[in-house]
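Input sequences plus hints: build the corresponding full structure.
Protein chains in written order, with UniProt numbering: chain B, 1 to 482; chain S, 1 to 121; chain E, 1 to 422.
Incorrect hints may appear among the rest.
Simulated coverage check for chain E against chain S, where a stretch passes if three residues somewhere in it have a Cβ under 8 angstroms from a Cβ of chain S [what the hints assert, rightly or not]: (1) 46 to 56; (2) 59 to 71; (3) 196 to 202.
Worth flagging that the hints you see were computed from the coordinates, not collected in a lab.
Virtual Cβ for every residue (Gly too), placed ideally from N, Cα, C.
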Amino acid sequence: MQQYDMIIIGGGIMGCSIARELSKYKLNIAVCEAAADVASGTTKANGGLIHAGDDPVPGTLKAFLNSKGCLMYPVLSEKLGFRFLKRGSMVVGFNEDDLAVLKTLLERGRLNGAPDLELISGGRIFELEPETNRKAKYALYSPHTGLVDPFEVAIAFSENAVANGVHFYLSSPVTAIQKTEDGFAVTLPKGQLNGKYLINCAGVHADDVARLAGADEFTIQARHGDLLVMDKNCGIKDVMTLYPIPKPDSKGVVLMSTVSGNILVGSTAVMKEKDDVASYREGIDELIAGANNLIEKLDIHKVIRTFAGNRAVVVGNNNDFYIRPSRKVAGLFHVAGIQSPGIASAPAVAAYVVQMLKGCGIPMEEKKNFIDTRKAPVDFSTLSTEEQDELIRKNPAYGRIVCRCECVTEGEIIDAMHRNPQPVTVDAIKRRTRAGMGRCQGGFCQQKVISIMAKELGCSPTEIELGDKGSQIIYSKLKEGC
Amino acid sequence: MSTKELICTVCPNSCNVTVELNKKGEPVKIAGNRCPRGEAFAKQEITCPMRVITSTVVLRGEDGRDALLPVRSSDAFPLSKHAQTMELLRHITVRAPVKMGDVVIHNVLDTGVDIIASRDS
Amino acid sequence: MNEFQFDVAVIGGGPAGMAAAIEARKNGASVALVERNPHLGGILLQCIHSGFGLKCFKQELTGPEYAQRFVNQLGETDVTVLLSTMVLQITKDKKVVCMNEKGISVLNAKAVVLAMGCRERTRGEIKIPGDRCAGVLTAGLAQHYINIDNYCPGHRFVILGSGDIGLIMARRLSLEGMKVEGVYELMPYPNGLKRNIKNCLEDFGIPLHLSTTVTRVIGEKGRVAAVEVTKVDEKLQPVDGTSKIVPCDTLLLSVGLVPENELSAGAGVKLNPRTHGAVVNDSLETSVPGIFACGNVLHVHDLADNVTVEARHAAACAAAFAKGEQKESNPAITVNCEDPIGYTVPSEIYSREKASVLFRVRRPVENARMVVTSEGSILLQGRPRSYIPSTMEELVLPSAVLQKADGEITLKIESVLGGENP
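Below, the structure written as structure tokens:
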């Protein structure tokens, strides 16, 4: 039986950033993730906005962690080799009522310490973002709003955590938790882990995990959101992030350019069942209407993907994060109710959790040999022609195109397969390399990706799954001959 | 007397052909076809529909690795025999090299047509 | 980085590219043909069914046979064929930047023929709601799995879209012993060729449900378990209360093809929003002088034979351009069209000898005739007939019409029953 000091349950951006932060200390750490890959839950169904801290209600934990977390991203991006862009944002208003809301938001932002917020009107709006709906009259401009790719960040955290000795258990849903003399015994499908402390980062299932550990102390409901992604050639490019006037429990339908250059529209906010991540027609219609409120016209024929995800809402917690030691079970810590701005807050949450653990008297001794950088994988499509040529001459696998829409080479896929945690599904490869993320959505490259993966994993192509457990792509060989 | 509406599949013109049948079900009048081939097609279609079959067989490469070789029937043959032909094709392995037109099964199911390779391999 | 000089660079080694390379060489040009896959033939290699070649070879061939004939012809020429080579960029001055296992190279061409083909529309584009499980794939990908990879991608299929690939896959799956529950088509008419409706569906007793679409994907344990299908009204909107759950493990999408013009756009080629292909003149030359386009990258064709014919024309014009031969100096005639004609290729005519105009109608029209006008006066009237969207139509404009055209011509299809014409 494996012995750990810390067992983190949940490999989303919270679990991964906390694992990385804790790996700075002399601790044995395990992360258990139910899905086949990290960042597979709420983390992946997210636009990746790094809010400057202008939205949360002042005085909340959210407000505190958001304004700290967003400031940590530029340095982390350098160290861990993920993309971070500062593109700014505007909350767009159309009338005097909206203006009143914008004034409230400005006040809130200032209280939260969000820098350089500015209430603007008229022509300035269109100077800053020419695509903005011409009916816009007022806007709250935040120059420091940033962008990341949320799974790229979570993967970077996880890889750096592994480099510092953290063990990841993927496809490992926790089925039972037992209190033992010196901690907990956590049952996974493939065996049991012993840990002195548990950190519950289980997203929409954090209440279920808490109950497994005997801590029936909060309930989570899922706030479902639809999102859609546009073709890179959809007529508009590099837009500043545009928000509508926010609704009581969500920022409304936002339109933004992702770090990879797609326009993304999201999310809706409707309470649904926890595991319902299906997309809904009403949701998609709302997104299109929402986008057409923010810009002049979205070319709906250029949508390449719709998807959905759930944010965890702790009931009766005023939409705030729920990060605290369990009220009922010693040694159990909850990082729950993580909804927007979860990505922006993630690095600050990790630091906060470390403080919380220290505050509870858990001995934490810093390592001397902590590796605080991670080398980013090669992104062939962004290299200069000379660099591409040089790379191919060193390794011909970079001269073999797999995904033509996103210009992803076999070399990049093989490199991804040799990283740890190792991606073992087609979606996991997609999230790391962008193979299949373009306009043909894998129509041309899925079979190539599958055969490269099967070769690297030494398995049959029929064993390669799309993403979730059971998501078999190929059932069998078609004919055997004689 | 009855009539039957057919789509001629001889060429992409896809003529709508009307066939009048007598009590025995034999065609007596054929109309709507734009060429004589359409008439022949309609007669055949009423009595015994014929189709070209296309499928694949396992191809053992010179490197020992298996792939698929596309094959076809050299001509149309009764549709009623296609299912049985498919079953035969499922259990055949052809060895490379193969040239387009090489016979894979001679006189399949005594129909007088061959199953042939559709390309070089 | 290596650099090479060619008169004509052909991008894409499918039916269009192979025919273009052969034709350009015949016309005296030095030619490079660039293909990203390890084999020539493009999508023809997975189209193992017959129905090719009636126009170009006067006999019915399978896709691989049709391809093999061009591969053999190419083998007899000294065209430089670059396989497993991906074009990264084409510039306005006709530098073609390519990559393969050996590195990056640049082809400096005097003329370029775009022949990159098309891709399939996806679930994302048509925004089918529901679960994002395995088992939803385009018909073309399924065709690759079944005909090339020897994989069985499903047992029980629903096919959305009655385009030709969908119909052909319905037959292919049935022949291989898989169950096809039905083909569902949003429009009130089928989108594929009539012969395919007959040979691919009727022969196998597969039902075709018109004015019906898939409104939800229902997954279970990571894989499709069923789809919800719903009837649509005249505005193509789902009708409440008409939904039905169809159990299946795979949803195949055959919901249209889109020309792949990302490289063309990068070269500054102007695109036609209706075809998603380049705007071309009667030499099939794009808005960038010396860059020509043909085949499915220009507009989606119904038959490979028509692709071949078009490619030969583009290549002959490209070779002439490379040799520096003068273009016709006549003023351009703009080609316009009116509904129900969806588009025309070309959009501009320079010749006064003869010009071929290809077009498609947007919906089926019965008993209607082609009318060609110029500035209001009628230049040409066709005989009454029917037109359907699945067939690409050709109108050959004779010299007499072109001479009379006054800067523009407009193609219309007018109902004869309407009686509005004298």
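Evaluated hints:
Only when three residues or more bring their CB closer than 8 angstroms to a CB of chain S does the claim for the segment 46 to 56 of chain E stand; here the count is 5, and the claim holds. Counting residues of the segment 59 to 71 of chain E whose CB lies closer than 8 angstroms to any CB of chain S gives 8, so the stated coverage by that chain holds, three being the minimum. Under the rule that three or more residues need a Cβ within less than 8 angstroms of chain S, the assignment of the segment 196 to 202 of chain E holds, with 3 such residues.
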